[in-house]
Amino acid sequence: MKLTHQQREQFDREGYLFFPAQFTRDEMQKLTDEVPDLYSRREAYNVREKGKDAVRTNFAAHMYSKPFATLARHPRMVQPVMDLFDEEVYMHQFKINGKQAFDGDVWQWHQDYGTWLNDDMMQTERAMNVAIFLDDVN
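One point on numbering: in the working numbering, the residue at position 128 of the sequence shown is 128, and numbering is uninterrupted.
Simulated from the structure, these hints should not be mistaken for lab results. Be aware that a few hints might be false.
Here are the computed lysine-lysine pairs in the BS3-like style, where the Cα-Cα straight-line distance is at most 25 Å [what the hints assert, rightly or not]:
1) LYS99 / LYS66
2) LYS2 / LYS50
3) LYS95 / LYS66
4) LYS52 / LYS95
5) LYS66 / LYS30
6) LYS50 / LYS99
7) LYS99 / LYS30
8) LYS99 / LYS52
9) LYS52 / LYS2
Sequences are here, hints too, so could you generate the full structure?
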């Protein structure tokens, strides 16, 4: 999916783009159906809520889950970022942030960039966050 001139202008003006139908319902359902299995695993890549069993964040699902591996490499996921940067890109971090109803702590406003640059030794200061909502949001 190549970005239009209008989309590039919108990004320059507003700092973000929103594609509410970027993936089909079937594609989204495959991802949603995969999450309970990922969250059930007792692995270090599942960070749980303090003192609880609910998973707060799952890291690197694209490395061990076929649906998320497909998503991470999908042209509709990668191409808009490549268009904005006008170059090849790599994925620095992939995570599924869960917010369990009545069980999860709040997500405080923060920026990941400082951690990526200083702790993770990100290769370049050019970064883009991409979020895909698996559940309805408002």
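Comparing the hints with the structure gives:
For the hint linking LYS99 to LYS66, the alpha-carbon distance of about 23 Å falls within 25 Å, and the restraint holds. A threshold of 25 Å between alpha carbons decides the hint, and for LYS2 with LYS50 the separation of about 42 Å lies outside it, so the pair is violated. Using a Cα cut-off of 25 Å, the hinted pair LYS95 and LYS66 holds, with the two alpha carbons roughly 15 Å apart. Under the criterion of a C-alpha separation no larger than 25 Å, the hint pairing LYS52 with LYS95 is consistent with the structure, at around 19 Å.
Among the hinted pairs, LYS66 with LYS30 is consistent with the structure: their alpha-carbon atoms are about 10 Å apart, no more than 25 Å. Note on LYS50 and LYS99: the hinted pairing holds, with a Cα-Cα distance of about 13 Å set against a maximum of 25 Å. Annotation: proposed proximity of LYS99 to LYS30 holds, straight-line Cα distance about 19 Å (limit 25 Å). In summary, the hint linking LYS99 to LYS52 is supported, as the alpha carbons are separated by about 13 Å, within the 25 Å threshold.
Using a Cα cut-off of 25 Å, the hinted pair LYS52 and LYS2 is violated, with the two alpha carbons roughly 43 Å apart.
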